[in-house]
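One line per chain: the protein sequences are X and Y, in this order.
Numbering that gives the first Met the number 0 numbers the first residue of the first sequence as 0 and each following residue consecutively.
Numbering that gives the first Met the number 0 numbers the first residue of the second sequence as 0 and each following residue consecutively.
Just so you know, the hints here were simulated from the structure itself, not pulled from any lab data.
Check before you lean on any hint, since a few could be wrong.
Stated by the list, open to error - Straight line, CA to CA, 27 angstroms or less: simulated DSSO-like cross-link-like pairs of lysine-lysine:
#1 Lys227(X) with Lys13(Y)
#2 Lys64(Y) with Lys238(Y)
#3 Lys186(Y) with Lys27(X)
#4 Lys250(X) with Lys82(Y)
#5 Lys186(Y) with Lys25(X)
#6 Lys224(X) with Lys8(Y)
Remember, predicted model here, so these are calculated numbers, not experimental data.
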Amino acid sequence: MEVNYNSEKEVTSLSPNRKKPFWTEKRKESAAGMLFVLPEFLGICLMGVFPLGFTLFLAFTEWNFIGGMETIKFIGFDNFIRLANDDNFLLALKNNLLYTVFTVPVGMVLALILAVVIHSKAYAKDFFKVAFFIPYISTQVAVAAIFAALFHPSLGPINQFLMNIGISDPPKWLGSTDSVMAAIIIVGIWHSVGYIVIIYISGLSTISEEVYEAAEIDGANFIQKFTKITIPLLAPTTFFLAITLMISSFKVFDLVAFLTDGGPNHASNVLVYYIYEEGFKNFRMGYASAISWVLFTIVAVLTIIMWKIQNRKAD
Amino acid sequence: MHKFKEDLKKNPSKLIVTIILGIISIAFLIPLIWMLSTSAKFESDVMVFPIEWIPTRWNFVENFKAVWMSEVPFTTFYLNSIKLASITTLVTIIVSSMAAYSFSKLRFPGKSLLFGMLMAFMMIPEQATLVPRYIMVKWFGLFNTHEGLILMAMFSIYFTFLMRQYMVGISDEYIEAAKMDGAGYFKIYWKIMLPLCRPIIATVGIIKFIWVWNDYQNPLIFLYDEKLYPITLGMQYFKTEYSENYAVMMMAALSAILPLIIVFIILQRNVIAGISLGGVKG
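Take the sequences, apply the hints, and build the full model.
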């Protein structure tokens, strides 16, 4: 093969007038390479990039979709100005931040403890991984249906239990503006803990046993090993999880939509639910687009922070 | 077994920890256990306290009939979910693996730029593009169709990335050998790469299937015809029909969740490996 190739080359160089074929191996490979990427690339542009630009355009307009194209009205920054003064939007943002501030750290601490115990102190690791992961793969809407019954204010098992242990006036959970976010946060944590456990266990399995053995020789106890070895070496995993979980906490929708429709009295409204409500219940496409851009900005900022810090570590 | 005994002698606390962890994991799964137990009860026994974990009077069959054989078209919802999840998964695997093959094994001008762009596009949250997608899907005449939902869900940068990482690890020797035999690029992709990628395809496939099965937001916005509802909208339908019948609701929830749990337990290694690999939920 090698010989053939060389002799062919010699022939071409000996006769410069002979035209090289257009489809050289290199060109064929380039064409194939582009063709194989094409469907994915076009699809992402059509269903991701173009709509994102379209949302930005719509954010500067007032448009009720039902009225048709001719009713689009360009209104500059009015939507964003209105957002800054919209109590419902500010409440949705506040609720969303509340959801983030509680689900992310609580979920991470619980999951870290579980992961360390499962990884280093227990038999049947695979069984526990599966057990804690089951809520994460369970249909959120079905999970919401279960918790709707469990949280029933007067008859639900949770409040019956609370009354039984002496709490005479348990929270009304989904029925009250004071406790509705707490209920949604509890379900959110329950749903995501297993995911965090799995990521932490995969982080733990990259720490070599020798580090712990060396520490044991120096007389380190379990707590010392945990704080001096496990936590520092897991820092990249913790960082990755914190950002990823924050991003997904800003996308919370199913639980709110199924359990409360943002109520009672908007007390459980969150960003994505507000997009849904404005865009698809009130058909204010422009206003919903402005909220979408708030969401996109939050996610983009978090993602860029993650890239910056991860790249700095890589250098 | 011998090893287990030795280990136990050396570290007796491990057994105690395992037992405690076992109790915690059961406590953790109580909501699902409650669902299971409630789905077999008469409605009047559901909210009895203390909870009857094992029903004293069984009504499993009647609840099952109420979900599967009443006027609520639950079977239709189920078939719709199976259809949507299988087709979307299949198409996603094809589109993503094609791009992954190109990014991992072929050279073409602008490749790293294109790859970088796709990685950047990964941050676009699908929730931020709901409004324009609604308008576009109406323009295309795909509103209230399964095709529209599949079209929106079939492009996944995340899975392309996972598959590319896997394909990078596949030795070029296989490809060189096939080239010697005169195989073209498509043949190499179809006959060499895809078979070698079976483990990652299983991983990506099961995760995608679960995500589509569980998707509530897109069907809620892009479908209105009950005949086209997947199981998640079916649950919504049940909520309005049987709002105060928790036993039937739990039977419906059980029906929605159970197939996923079974498939997950069978393919747990693939799912957990896939989640550990990248971990970004799309």
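Verification of the supplied hints:
1. Lys227(X) with Lys13(Y): holds, 22 angstroms
2. Lys64(Y) with Lys238(Y): holds, 17 angstroms
3. Lys186(Y) with Lys27(X): holds, 14 angstroms
4. Lys250(X) with Lys82(Y): Answer holds: Lys250(X) to Lys82(Y) is near 26 angstroms, not above 27 angstroms.
5. Lys186(Y) with Lys25(X): holds, 17 angstroms
6. Lys224(X) with Lys8(Y): holds, 23 angstroms
Of the numbered hints given earlier, the model fails none.
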